[in-house]
Amino acid sequence: MKDFNYHSAKDSKEASKLASSSSAFLAGGMTTIPSMKLGLATYKDLIDIKNIKKLSGIKVSGKSVIIGAATKHVEVSNSKDIKKAIPSLSSLAEGIGDPQVRNRGTIGGSVANNDPSADYPSACIALNATIHTNERKIEAAKFFKGMFETALKKGELIEAIEFQIPEKSSYQKHPNPASRYAIVGVYVAKHKGDVNVAVTGAKSCVYNDKDMSKALSGNFSSSSIDGMNLDSSEMNSDMHASADFRASLVVTQAKKAVDAC
Amino acid sequence: MASLVGSRVERKEDKRFLTGKGRYTADINLANQTYAIFVRSPHARASIKKLNIDKALKSSGVVSILTGKEIADDKIGGLIAGWAIRSEDGTEMKCPGNPPLAKDNVNFVGDPVAVVIAESLAEAKEAAEKVQVDYKVLKAVTSTADAMNGDTIHEGIDKNLCFDWLLGDRQKVKEAFDKADKVISIDIINNRLIPNAMEPRACVADYNAASEEITLYTTSQNPHLSRLIMSAFGNVAPEHKLRVVAPDVGGGFGSKINVYNEDIVCSWAAKKINRAIKWVAERSESFLTDIHGRDHVTHAELAVTKDGKFLGFKNETIANLGAYARVFGTVTPTYLFGPCATGVYEIPAAYTNVKAVYTNTAPVDAYRGAGRPEATYTIERLVEKASMELGIDKTELRIKNFPTAFPFKQTLVHTVDSGDYVAGMEKAKQMADYKGFEARRKESEAKGKLRGIGVTSYFEACGIAPSAAVMSLGCGVGLWESAEVRFNPTGQVTVYTGSHSHGQSHQTTFAQIAADELGVPIENIDIVHGDTDKGTFGMGTYGSRSLAVGGIAIVNACKKIVEKGKRVTAKMLEANPEDVEFKDGEFIVSKSNKKKTIGEVAFACYLPGVRDEMKSPLPEGDEPGLKETSFYDPSNFSFPAGTHIAEVEIDPETGHVKLEKYTACDDFGRIINPMVVEGQVHGGLAQGIGQALYENAEYDETGQLMTGSYMDYTMPRADNFPEFNIGYTCTHATTNPLGVKGCGEAGAIAAPPTVMNAVIDALGGQEVTMPATAEKVWKACKNLKKSNAKAA
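As you go down the protein sequences, you meet chains C and A in turn. Under our numbering, the letters of the first sequence match residues 182 to 442, in that order. Under our numbering, the letters of the second sequence match residues 9 to 800, in that order.
One or more of the hints may lead you astray.
[As the list claims (entries may be wrong)] Subject to a maximum C-alpha distance of 35 Å in a straight line, what follows is the list of computed DSBU-like cross-link-like pairs (lysine-lysine):
#	chain 1	residue 1	chain 2	residue 2
1	C	218	A	133
2	C	218	A	457
3	C	371	A	790
4	A	784	C	384
5	A	417	C	349
If you are wondering where the hints come from, they were derived from the structure by calculation, not from laboratory data. Since the model is a prediction, treat every value here as computed from it, not as a measurement.
Use the sequences and the hints to build the structure in full.
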């Protein structure tokens with residue numbers, strides 16, 4: 182690992198001020214640190230945001246769950262309030278990585294990184310999330326732009342993520358047997374009026390599957406998507422799963438999710 | 009005194025391992041030590057046009073940079089194959105040179121070309137990035153099946169063929185096949201695996217300029233053998249000036265048998281720079297440069313009568329050696345493979361032909377089971393297929409072909425001294441509730457799932473083994489083992505063994521044996537291993553040989569102690585040595601109340617003088633002290649055997665294979681410590697099931713390792729396994745005084761065909777290659793659905 186300057190920011194304002202084209206924000210460091218160790222990324226400055234108190238914590242109201250960006254996965258999975266409001270969100274958090282990752286990794290880090298096979302982005306899409314930054318509020322549907330790409334601008338820092346509480350929801354993933362990241366993860370959420378079917382792992386970026394959403398909005402039953410043939414042309418293909426297998430898994434996991442709702 | 013052999017004695021090792029007090033190679037830090045980083049080839053096959061270290065030498069903290077040129081100039085030898093194999097046509101195998109640092113050519117990704125030695129690890133890393141190597145990249149050969157058609161990797165080795173070996177009689181086999189009612193044939197791939205010991209390889213080399221002695225601390229399964237190889241072939245130092253210490257070692261599975269490039273380079277370089285050097289592999293280096301295992305492509309046939317008697321067996325295999333032939337690289341796919349390929353069956357005629365090929369991949373060598381998993385996979389997949397094609401129950405077909413009497417003269421090489429394969433099968437069936445399977449299958453079917461059951465009956469030849477036999481088969485050393493048993497004057501015992509423990513619990517099990525033999529409390533016995541300065545010599549630990557060979561050497565040395573003790577007691581108590589009996593730590597003069605404890609005798613042995621009333625306890629001709637040595641060379645291999653049964657449930661929608669039940673019924677002969685044996689069985693099963701369902705080392709066509717980290721190489725985890733159902737039958741080995749056979753490899757040998765037979769059973773007989781990943785199984789399920797629809 183190359184040498185870098187370590188800064189511990191006391192608030193978002195200071196963190197933002199320290200940011201430059203050769204800096205990175207450091208929360209859990211679950212991606213940043215390994216990337217640096219492997220020489221895949223080098224930064225002049227790492228700006229630690231974990232000590233910014235305002236960025237951690239969980240607030241649950243009648244309509245939404247707001248989770249501070251520096252809140253760890255283990256805090257989300259253990260939160261009684263979240264278990265009550267959106268049980269699928271706490272079980273998603275419980276299924277991320279391993280105990281070490283869950284005790285370091287943060288929700289803001291995962292969302293800002295937008296790994297194509299990360300779990301949280303699907304929750305953001307399915308639960309009509311709003312990403313609160315130090316500058317603005319961004320709808321999840323407009324936040325995830327592509328592989329590891331988001332709407333965040335340089336120096337812009339996620340402060341919290343606000344999830345809409347659905348009527349029912351479930352997240353089902355088919356994990357990569359080695360890394361246990363999602364080969365395909367499907368988050369189904371039934372809100373008043375519409376259904377979201379957010380898919381992670383299958384393509385270069387999380388997306389809401391419009392065909393399945395439509396079918397399920399008409400009839401919220403796994404039979405309404407059974408046997409659906411999804412277009413696999415844009416799906417990822419690697420040694421663990423071909424595009425065709427992924428396409429099939431998306432439907433299978435969506436059915437499982439609906440059945441589990 | 010109750011016997012300790014056979015009881016669940018808690019492990020003496022656990023206190024230090026569980027409290028973080030283990031001392032591994034990476035824990036060793038020497039004064040003024042430097043740090044080594046190896047510059048490795050990023051290409052699978054290339055010639056080195058130019059290597060420029062000027063810029064790197066100027067980098068901060070650099071002490072020295074050494075390359076293939078310096079090591080060649082100093083006439084340091086390369087890495088070697090320990091077994092000479094002859095081809096069917098009588099020619100000797102062809103092995104390329106394998107210099108510790110490549111000078112002219114690199115032959116796999118990770119092949120080291122230079123070592124950078126610096127004051128700190130970070131500085132060594134930084135400087136290593138500045139070493140400029142100009143490669144001419146050549147077309148790599150990576151496919152096992154096609155290696156013989158690829159470009160010639162090593163000059164003078166045509167078709168990349170190391171040897172084309174035959175065991176058995178082609179003509180007899182042809183005659184047997186001519187008489188067959190049916191021929192069952194199969195094409196299988198034994199997938200390549202990466203051992204992944206928990207502790208990555210490491211070494212710390214130290215040089216004492218005054219004594220001219222090199223000390224190498226290294227992660228080795230056999231420090232004495234490492235010293236011998238480094239001295240005799242590496243020319244690093246004469247044996248008496250080279251001390252090799254293998255302290256606590258965190259798993260080996262065969263991957264730490266070899267002397268590696270880094271051991272030789274660091275030892276040589278430490279002397280050159282006159283400072284200690286430390287090197288610890290990163291996990292990615294382990295993936296790239298530890299030996300890999302398996303990697304066979306096989307076509308096999310079984311000739312049968314219509315009522316299921318086996319008549320003949322053919323086995324045509326291509327075995328991948330990787331870039332170079334290493335210590336057990338050439339014996340693993342030959343004598344450790346061919347003889348076992350006819351399995352536990354009476355087959356009148358058989359042959360195994362192996363073409364061993366070089367490829368531009370990491371060297372392939374012995375990995376847990378070494379050759380016997382490949383053999384068992386071949387025959388047991390074939391027998392299972394025969395049962396499907398003949399319509400004979402898979403257990404009945406096996407029983408029909410089991411030997412009925414022991415010793416069992418196996419078709420090709422071995423004479424198996426003992427066993428009862430029918431008893432093992434019957435017990436396994438009962439443990440697995442084989443009869444109840446059909447009901448469980450229907451339950452799965454009702455849930456939309458596919459359920460399958462698979463059986464394997466295996467035997468293996470381990471406890472390697474008789475020097476006369478192995479040397480006649482080409483082994484470069486004799487495979488005996490030594491032990492030294494020392495009594496201290498105050499009665500405690502230190503046992504020095506040439507075996508090495510890197511997870512096998514020798515400190516406990518060997519102490520149990522010595523405690524029983526000597527009648528000394530186990531707390532008073534210490535087992536010392538892993539240091540060429542301690543103990544005479546040893547051939548190390550692999551091939552499930554520690555107990556069956558090393559353990560017996562301990563028994564024999566203890567027996568010598570007891571014999572001397574009887575003579576000393578007789579002298580002390582003025583009796584005839586023939587009248588002295590030894591029992592539970594006491595020497596008793598028969599038909600009298602006169603006796604001495606072994607502690608008293610030991611003490612007396614150290615006080616041989618005469619003063620006043622005290623007379624010398626030593627009979628004429630006996631020397632003072634109480635210490636005995638044994639070099640034990642067994643009369644035969646040992647032959648564990650057993651039957652394993654697996655049951656899987658498959659979700660046809662996702663292709664997910666759930667291992668529902670796993671039953672292992674093994675015959676390991678006498679068991680010293682059931683708890684330790686359970687651990688060995690569990691570990692072996694985890695690796696065997698890993699091979700069947702998860703693990704696969706994959707290179708792309710340019711020779712880049714695609715599965716070079718845990719992101720892509722699927723190491724099985726605890727939640728992949730069911731509770732293992734483990735049981736034993738027991739027939740004592742007749743070839744050693746303890747009646748022991750060896751248990752370390754059985755799980756890895758039996759599990760792959762057991763699990764795959766179950767998967768393929770669930771898939772209606774469709775072949776799937778290992779590992780049976782979700783996508784492969786999903787595709788097979790789709791085919792099954794189609795063919796079922798057609799049939800309907």
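Hints and how they fare:
1. As the CA atoms of residue 218 (chain C) and residue 133 (chain A) are separated by approximately 12 Å, the hinted pair is consistent with the 35 Å bound.
2. Restraint check: the Cα-Cα separation between residue 218 (chain C) and residue 457 (chain A) comes to about 44 Å, which exceeds 35 Å; the hinted pair is violated.
3. Distance hint between residue 371 (chain C) and residue 790 (chain A) is fulfilled; the C-alpha atoms sit about 31 Å from each other, no more than 35 Å.
4. Between residue 784 (chain A) and residue 384 (chain C), the direct Cα distance comes to roughly 21 Å. Compliance with the 35 Å bound is thereby established for this hinted pair.
5. Pair hint residue 417 (chain A) plus residue 349 (chain C) does not hold up; C-alpha atoms about 68 Å apart against a cutoff of 35 Å.
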